[in-house]
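Novice: Listed here are the chains, written in short residue letters.
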Amino acid sequence: MSKPIVATTSLAGCFGCHMSLLDIDERILDLIELVEFNKSPIDDIKTFTKQCDIGLIEGGCCNSENIHVLKDFRKHCKILVSLGECAIMGGLPALRNGIAIKECLDEAYLNGPTVRDNDKQIVPNDDELPMLLDKVYPCHEIVKIDYYLPGCPPRADLIWNALVALVTGDEMKLPYEVIKFD
Amino acid sequence: MSTLIKFTIDGVECMAEAGTYIVEAARENGIYIPTLCNIRGVKPRGSCRICSVKVNGRPMTSCTTPVADGMEIENNTPEINDIRKAIIEALFVEGNHFCPACEKSGCCELQALAYRFKMMVPRFPYNFPRKEVDASSPKLIKDHNRCILCKRCIRAIKTEDGKNVFAFVKRGRNVRIIMDPVLGEQMSDELAQKAVEICPVGALLPREKGYQTPIGKRKYDLEPIGSDIEKK
Ligand code: SF4
Ligand code: SF4
Ligand code: FES
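So the sequences go chain by chain: A and B. If you read the first sequence in our numbering, its first letter stands for residue 74, the second for the next number, and so on. If you read the second sequence in our numbering, its first letter stands for residue 9, the second for the next number, and so on.
For reference, chain B alone in the conformation it holds in the complex (with noise of 0.2 Å):
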């Protein structure tokens, strides 16, 4: 038998079963917690820290803490979103945002953490990296000025024996994403079409396929990210 437990977000009330992440807790009672790096049924990894919230008065990232009985979470409150939204401006500054012309606009998870935080401007100065847009692979476009390196491409695809396709090279500001390369010419076109859908923003791209869905119609036009949550 699973034992429910009682706890506080911002001081209401909630229940969920012991052990459940606190986003995902979150979630069930119909309280939001924006996530990034996050993939819900993957082992979370904790790296972007967008999820952060003040457990018992400390910061914690709300993806890779269990809930437990009488915690009292802070999540909406003015400090914590503003941590949030640096994270939001940096990343944006980090890589090469160019959002009017990039195929994921609209349905980006990134932009719509921006939206969602009204972030109007950065306040840190743009980087303008210089960085690669790689089309050598038959299946998928990969693009380096907007991958935010959250490595859901890298926990979530797998081959059907357990295989890595993306993996990490190199390290600190020189890090990057790559794809094996037999295992990402081999990949059947639902796992490319899968990872399109993992990666948060439109750092891996459909090849001869883009800006199908007009504006307006696109999945953060008109509600903010996470309202499917907060309307439960």
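Next up, chain A with everything else stripped away, as it sits in the complex (with noise of 0.2 Å):
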């Protein structure tokens, strides 16, 4: 039988998920026992090559490139997961919603107290820019999303049960100190 096959992405995350990812330490080596991976961030595979089992969504979604990269995740991956508080709620970039787009925009770039250099009053605009949504959103109100593990980051051990438990189709382990949101 082949091996289960997973594909992470960071949308507006720090990779602070990812990292956790990698902090289930020796058990890494079991890991690549146990699955192939696919687009992701660890192997540097930019674009789907195959379908896959699972989707590993750290971070919400705050500009047009994270819809379309998680749309892709979605009709890539059998089950997503939202991985962490940012992919859940939105985690610190979503502290802007409620603000308007250009009041914020404004302060990054033209008003805020670190701004140096920017006689001309620019806003960066390039086509090849991304468009910033209104607000950031969590991943479930743009997709849907099968599973959900909180947790700025959240704990290795609790990447790994969940890992270890929808690849044997076993049930996952939850212990209390796993769940935490920070």
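If you're looking for bench data, these hints aren't it; they were derived computationally from the structure. Hints are not guaranteed to be accurate.
No farther apart than 30 Å at their CA atoms in a straight line, the calculated lysine-lysine pairs in the BS3-like style are these [stated by the list, open to error]:
#1 B:Lys93 / A:Lys246
#2 B:Lys126 / A:Lys144
#3 B:Lys240 / A:Lys246
#4 A:Lys246 / B:Lys239
Hey, can you piece these two chains together into the complex? The hints should help.
Specialist: Okay, here's the thing in structure tokens:
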């Protein structure tokens, strides 16, 4: 039987959840025995080369590119997991929610106390840049998400337990200490 | 002489003095009923409904209902626990709860309840309301993003001559906590500290202090809220 295939991505996240995945220590050796990785920053495969079983999503959706990637993951993965607070509820990037986007950009590029050398009063507007969304969206408000692993980042044990449960079909171990929001 | 009466919680025989509120009577019998707005020793308000139980088949708030002889109380059932979980989830989406950056994280009763009830994601859409942080008081910082409007500060924080320091202003979805400008400023450091402790969430914070207890050593890091009651 071929190994289950895992894909991962970081949308509006800080890569902390991916670091936590690596934090499973020597179990990483078991992991590569257990699964094969496809599109992921871990192996640097940039586009899907086949259908995957599990997609791990770090980060919420703050711009048009995030939405595009998330929908691509939904199309290519049987099971999608929201990994971490940002994917689940927007996380710290969502601190801007409730504030008008123009107000945010003006503060960042024109009026903020750390703004320097912007005499032309430019707010980055190159066509190549993805469009910012009106707010940061939790992933499950954009596509269907099958499972949620909270934490900032989720504890390595939580990620490990979840992957093992998904791959083996056994019930997931959820001891009290591993479900944390920080 | 006080009279001991008998009642059951989830079929377990319990005893308590007549007139004791159910939540307190349960505690005396080693049974935890989750609470949020309730403060031990202060007149109950019954506003958050987390403590809902079924008494002889009817939903009641256990912090405001005294036990009576022969009562049959349902507490730890899937139906009731799901109602409680829904309330917790509603509180999360109604405010802005960025736990990873919150000073109260690890010691927060709302978060601890979410852990206890294994909230992985709220079933309701996030509101992201725009709310203010008010740091104008010399004693306390008020973060309205995290206030769950439980009124604990209003009910428990009084000056020596019995005046309220906190109050509600406005109504409906605009309701928020305010501090009396004069009393708030005159408040002793002890009373300010008490306010920080009485607030179940991170809405009332001390100035120039935070994140003092390391992760792993905070109140609810290792043991669920309520385990002290269940252990007895
Ligand atoms: S008050 Fe509690 S639930 Fe809200 S952000 Fe702080 S720790 Fe989280
Ligand atoms: S400030 Fe704290 S104690 Fe006061 S109503 Fe809000 S949550 Fe309750
Ligand atoms: S604790 Fe009883 S209603 Fe809030």
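Novice: Holds or violated: B:Lys126 and A:Lys144, Cα atoms, limit 30 Å.
Specialist: Holds, because 28 Å separates the two Cα atoms, which is no more than 30 Å.
Novice: Has the given pair, B:Lys240 with A:Lys246, been kept, meaning a C-alpha gap of at most 30 Å?
Specialist: Distance ~27 Å between B:Lys240 and A:Lys246 Cα, so the pair holds.
Novice: Tell me if the straight-line CA distance from A:Lys246 to B:Lys239 falls inside 30 Å.
Specialist: 23 Å, holds
Novice: Keeping to a limit of 30 Å between CA atoms, is the pair of B:Lys93 and A:Lys246 held or broken?
Specialist: 20 Å, holds
No hint from the list above goes unmet by this structure.
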